[in-house]
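Student: Sequence:
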Amino acid sequence: MPPLTHALAHGLGTPARNIVALSLVCLLLGASTTALGHGDVTPQEVDTKGLPDLGEAPLMENPFRPGNQHDDYHELAVQVGESGYGGNCAVCHGIQAMSGGLTPDLRKLEEWDDEYYLQRVSNGTERGMPAFRENLDQTAMWAIKTYIESVTP
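Numbering-wise, the sequence shown is residues -37 to -1, 1 to 116 according to mature numbering (1 follows the signal peptide of the UniProt record, and there is no 0).
Treat the hints as calculated values from the structure; they're not laboratory data. Hints may be right or wrong, so weigh each one.
[To be verified] Computed spacing ranges between beta-carbons, pair by pair:
hint: 1; residue 1: G13; residue 2: E89; range: 28 to 38 Å
hint: 2; residue 1: E38; residue 2: E89; range: 30 to 40 Å
hint: 3; residue 1: R90; residue 2: M61; range: 34 to 44 Å
hint: 4; residue 1: Y79; residue 2: G30; range: 17 to 27 Å
hint: 5; residue 1: E89; residue 2: G64; range: 16 to 26 Å
hint: 6; residue 1: N31; residue 2: S85; range: 11 to 21 Å
hint: 7; residue 1: T5; residue 2: G30; range: 14 to 24 Å
hint: 8; residue 1: L65; residue 2: Q32; range: 28 to 38 Å
Even for Gly, the Cβ is constructed at its ideal location relative to N, Cα and C.
Let the hints inform the model, and build the full structure from the sequences given.
Tutor: Written out as structure tokens, the structure is:
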């Protein structure tokens, strides 16, 4: 029997030590579950009604950003993107793109340029992020990026 399991089964002596040991076990189990769960998300479709269909050819720049081709849809893109982010990204990257530490804080990535973003979201990563290309069209992806930019300080 491993030492920690033996200690929990037979007690460590004082009640305070038993509480500390039990707390440590719970913390370790919770951390391992969180680490193993990274990327374990079922992609959710995003309702992009009201936004223009951006087609299949990948755009290399966010069309909803102020000053770009579809900036007149910026506010709607933020709303649509917030919903899409909540259903697809928040479980790993945190509420309002503030990561808890296991995944990148999307507001702080210096290399988070548009082309990089589209490639990562479309194809996923080897480190656990799923590919969303089968579930999210380009309009949804750019709406999510627009939302992330809206919460970036």
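Student: Evaluate each hint against the coordinates.
Tutor: Here's how the hints hold up against the structure:
The beta-carbon spacing between G13 and E89, approximately 35 Å, falls within the hinted interval of 28 to 38 Å. With their beta carbons about 36 Å apart, E38 and E89 fall inside the hinted range of 30 to 40 Å. At roughly 19 Å, the beta carbons of R90 and M61 sit outside the given window of 34 to 44 Å. In this structure the hint that Y79 and G30 lie 17 to 27 Å apart at CB holds, the actual value being about 20 Å.
Taken as a hint, the range 16 to 26 Å holds for the pair E89 and G64, whose Cβ atoms sit roughly 20 Å apart. For N31 paired with S85, a C-beta distance near 19 Å keeps the hint of 11 to 21 Å intact. The beta-carbon spacing between T5 and G30, approximately 35 Å, falls outside the hinted interval of 14 to 24 Å. With their beta carbons about 35 Å apart, L65 and Q32 fall inside the hinted range of 28 to 38 Å.
Hints 3, 7 from the list above are not met by this structure, while the remaining hints are.
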